[in-house]
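Here is how the chains run, residue by residue.
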Amino acid sequence: MTITTDPATTATRTYASYAKPLWQRVIATREFAVIALLLIVFFYSRSEVPAFDGPLTVYYLLLDLAPILLIALPMTLIIITGEIDLSVASTVGLSSVLVGDLHQHGWSIPSAAIAAIVVGILCGAFNGFLVAYVGLPSLAVTIGTLALYRGLAVGILGTTAVTDFPEKWTDLAKERIGDSSYPVIIIPFLVLAIFFVLLLHFTSFGRGVFDIGLNDEAAHFSGVNVARTKFLLFVMAGAVSAFAGVYFTLRFGSARGDNATGMELRVIAAVLLGGVSIFGGRGALHGVIAGVLLIGVISSALRLEDVTDNIINIIIGLLLVISVMSTSFLSVVTRATTGIKKRGGSRPDERQQLASAHTEGKNE
Amino acid sequence: MKFNKKRASALTALVASAALALSACGGGSDSDGGGSGSDGKSVSVTFLPKNLGNPYFDTSDKGGKAAVKEFGGKFAEVGPQEASPDAQVPFINTAAQQGVNALVVSANDPKAIGDALDEAREAGTKVVTFDSDVEPQFRDLFINQASAEGIAKVQVKMIAEQIGDKGQVAILSAAANATNQNTWIDLMKKDLAANHPDIEVVDTVYGNDDDQTSFDKTSALLQKYPNLKGIISPTTVGVAAAARYVSDSDFKGKVKVTGLGTPNQMREYVKNGTVDAFALWNPEDLGYLAAFAAKALVDGDITGKEGDKFTAGKLGDYTVGKDATVLLGDPFEFNKDNIGDFDF
Chain A
1 MTITTDPATT
11 ATRTYASYAK
21 PLWQRVIATR
31 EFAVIALLLI
41 VFFYSRSEVP
51 AFDGPLTVYY
61 LLLDLAPILL
71 IALPMTLIII
81 TGEIDLSVAS
91 TVGLSSVLVG
101 DLHQHGWSIP
111 SAAIAAIVVG
121 ILCGAFNGFL
131 VAYVGLPSLA
141 VTIGTLALYR
151 GLAVGILGTT
161 AVTDFPEKWT
171 DLAKERIGDS
181 SYPVIIIPFL
191 VLAIFFVLLL
201 HFTSFGRGVF
211 DIGLNDEAAH
221 FSGVNVARTK
231 FLLFVMAGAV
241 SAFAGVYFTL
251 RFGSARGDNA
261 TGMELRVIAA
271 VLLGGVSIFG
281 GRGALHGVIA
291 GVLLIGVISS
301 ALRLEDVTDN
311 IINIIIGLLL
321 VISVMSTSFL
331 SVVTRATTGI
341 KKRGGSRPDE
351 RQQLASAHTE
361 GKNE
Chain B
365 MKFNKKRASA
375 LTALVASAAL
385 ALSACGGGSD
395 SDGGGSGSDG
405 KSVSVTFLPK
415 NLGNPYFDTS
425 DKGGKAAVKE
435 FGGKFAEVGP
445 QEASPDAQVP
455 FINTAAQQGV
465 NALVVSANDP
475 KAIGDALDEA
485 REAGTKVVTF
495 DSDVEPQFRD
505 LFINQASAEG
515 IAKVQVKMIA
525 EQIGDKGQVA
535 ILSAAANATN
545 QNTWIDLMKK
555 DLAANHPDIE
565 VVDTVYGNDD
575 DQTSFDKTSA
585 LLQKYPNLKG
595 IISPTTVGVA
605 AAARYVSDSD
615 FKGKVKVTGL
625 GTPNQMREYV
635 KNGTVDAFAL
645 WNPEDLGYLA
655 AFAAKALVDG
665 DITGKEGDKF
675 TAGKLGDYTV
685 GKDATVLLGD
695 PFEFNKDNIG
705 DFDF
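Protein chains in written order, with the working numbering: chain A, 1 to 364; chain B, 365 to 708.
Just so you know, these hints were derived from the structure itself, not from any lab.
A hint or two may mislead.
Here are the computed lysine-lysine pairs in the DSBU-like style, where the Cα-Cα straight-line distance is at most 30 Å [claimed, not checked]: (1) Lys618/B with Lys530/B; (2) Lys616/B with Lys530/B; (3) Lys678/B with Lys438/B; (4) Lys174/A with Lys678/B; (5) Lys686/B with Lys673/B; (6) Lys475/B with Lys168/A.
Examples of chain B residues toward chain A, derived with CB under 7 Å [claimed, not checked]: (7) Gln445; (8) Ala447; (9) Lys475; (10) Thr568; (11) Val569; (12) Gly671.
Some chain B residues near chain A, calculated using beta-carbon distances under 7 Å [what the hints assert, rightly or not]: (13) Gly436; (14) Ala440; (15) Val453; (16) Thr458; (17) Ala476; (18) Thr626; (19) Asn628; (20) Glu632; (21) Gly677; (22) Leu679.
A quick note: this is a predicted structure, and the numbers were derived from the prediction, not measured.
Glycine is no exception: its CB is placed at the ideal position from the N, C-alpha and C atoms.
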């Protein structure tokens, strides 16, 4: 059997000819907008904020952002499936306390770190089990485990802190790669980022993640193992959060039950700013990474201008609200310019445009 | 709110307007804030309290600001919302990036912020701690609010004055294993034995820095020792609880309460006559001294060596003591005449 293809027909039948024009698909994406905004703010700060152009800026920026960058990776996948994990920061705290407490009892840092990561995996598995196999809503489950894991963390060390870590390890957490201004923590981050990008955007597992977010029943009937996918994502979130907790502890040389309190919201804010739909089904990791960096650059630049934290929070909060508002605005504009009418569903976004592009394709 | 900088607001405006770029209509309007560079010569001092919105640090930073204004430097106050060491680190890093001349910090942990302080010092920033110290190798100078001897001395002086140098007194401490409390109590007992032979310390009880426990212990003390003349409580929680108990009981006016307290906690009892006087340091002076010490370090007048001398404006001359420590002086006595001047 031979398959004959008519180059002329295939050329006309590409996705491009049914969807928005190419320039619009490149320029008018949330990811591109976030990256553009990141670049604008970064270069503006470099030229206008004294000391931002210094050698320490990028270094401190990445040191501070590392835990958020790390946790944002699995969080992106979880939110794309339409779920959420609010317990990540509590897992960071628990892992931090475990490292401190085990070290106090004579464990070496690597073995304490491995133990903390194992506990992180168990935390994630517990979340994943309740969400994927028991079928409880992740919002409720992880609000519960947010309190539960934090409670355990504070319970173990009480109000005391362990600050007595070997310098070898606390130095490693702040080490630079060679003479560059990049801390070594970005190496595990890059490895994980590549892993998650491949997983999300280049595997059938990742395709399944999007499908679940669009419609988990349809995903189930088209052969996606919905429960297993969700379970694994929560396990990954637990493991990565625990790793971030180990880093956090060594970076600040301080294991406390209240470490990283509230970080879950900073992670989620960055993920949403990065263009991931809170309803699931839409998002990309490059946007999320840009979102985390954007929040970091803004905070850093404003802090260098002696703006206090609460005002920085207000600004980032406004930015998030504006960006979410602009999403609806963006979809209105694209619908108007491409002539694609809103159909039945309540969520006007690219899904429907995609669907309509598909059906039009078939009709031809 | 500190929104006084043109460039900061320009940056904010940029961020807000550039955020509109997300709506795909492009156009992050480039509002230029203009470059008002720092004026090179003046000394820049950044205060980093344990947390913001804390009346105690508001008062100390007020003193610091006044001092910086006096010597014509550049003052900034930054800080986290929560008093935790990891929240302080980014602010220390920022000070290093900015290359501020001096950072005046009250540490949330004696060790955890040490590395960050070291990095700031490598970047050329002088580090002064006040109120709460870090380990000596991480800073250039510590401004000590009060010495153990000073604290013991002033409390003995107050109780002796209030009860007429005669009678039974008891001590309401914090925890039994609180090192600083025990040091003060030992010193007080020695002072009393040597200089006030007619005052007898009948008991020492522990309220664990818990309001209710301290309240109950006060009650128990007064039942047990009907002839008790005074209670010394060298802890802010204890002294307030003891004053509250005495104020609401028949012992009001008969039993004197004194110790270490804050004006806001004790105001009511000073006004209603339960408490004649209590002591603490003056945080405003503490901040003022810290700022002048920072300037002296930046100017190279002192290096933190024992015996170094500098002048701190209206507070006069100071000498650096052991372990690069400067002592503010004797604790400050609060009474009905001056308590109105303080709010912390």
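Against the structure, the hints:
{"no.": "1", "hint": "Lys618/B with Lys530/B", "result": "holds, 13 Å"}
{"no.": "2", "hint": "Lys616/B with Lys530/B", "result": "holds, 18 Å"}
{"no.": "3", "hint": "Lys678/B with Lys438/B", "result": "holds, 19 Å"}
{"no.": "4", "hint": "Lys174/A with Lys678/B", "result": "violated, 43 Å"}
{"no.": "5", "hint": "Lys686/B with Lys673/B", "result": "holds, 13 Å"}
{"no.": "6", "hint": "Lys475/B with Lys168/A", "result": "holds, 15 Å"}
{"no.": "7", "hint": "Gln445", "result": "holds, 6 Å"}
{"no.": "8", "hint": "Ala447", "result": "violated, 10 Å"}
{"no.": "9", "hint": "Lys475", "result": "holds, 4 Å"}
{"no.": "10", "hint": "Thr568", "result": "violated, 25 Å"}
{"no.": "11", "hint": "Val569", "result": "violated, 23 Å"}
{"no.": "12", "hint": "Gly671", "result": "violated, 32 Å"}
{"no.": "13", "hint": "Gly436", "result": "violated, 18 Å"}
{"no.": "14", "hint": "Ala440", "result": "holds, 5 Å"}
{"no.": "15", "hint": "Val453", "result": "holds, 6 Å"}
{"no.": "16", "hint": "Thr458", "result": "holds, 5 Å"}
{"no.": "17", "hint": "Ala476", "result": "holds, 4 Å"}
{"no.": "18", "hint": "Thr626", "result": "violated, 21 Å"}
{"no.": "19", "hint": "Asn628", "result": "violated, 23 Å"}
{"no.": "20", "hint": "Glu632", "result": "violated, 29 Å"}
{"no.": "21", "hint": "Gly677", "result": "violated, 24 Å"}
{"no.": "22", "hint": "Leu679", "result": "violated, 26 Å"}
In summary, the numbered hints that this structure violates are 4, 8, 10, 11, 12, 13, 18, 19, 20, 21 and 22.
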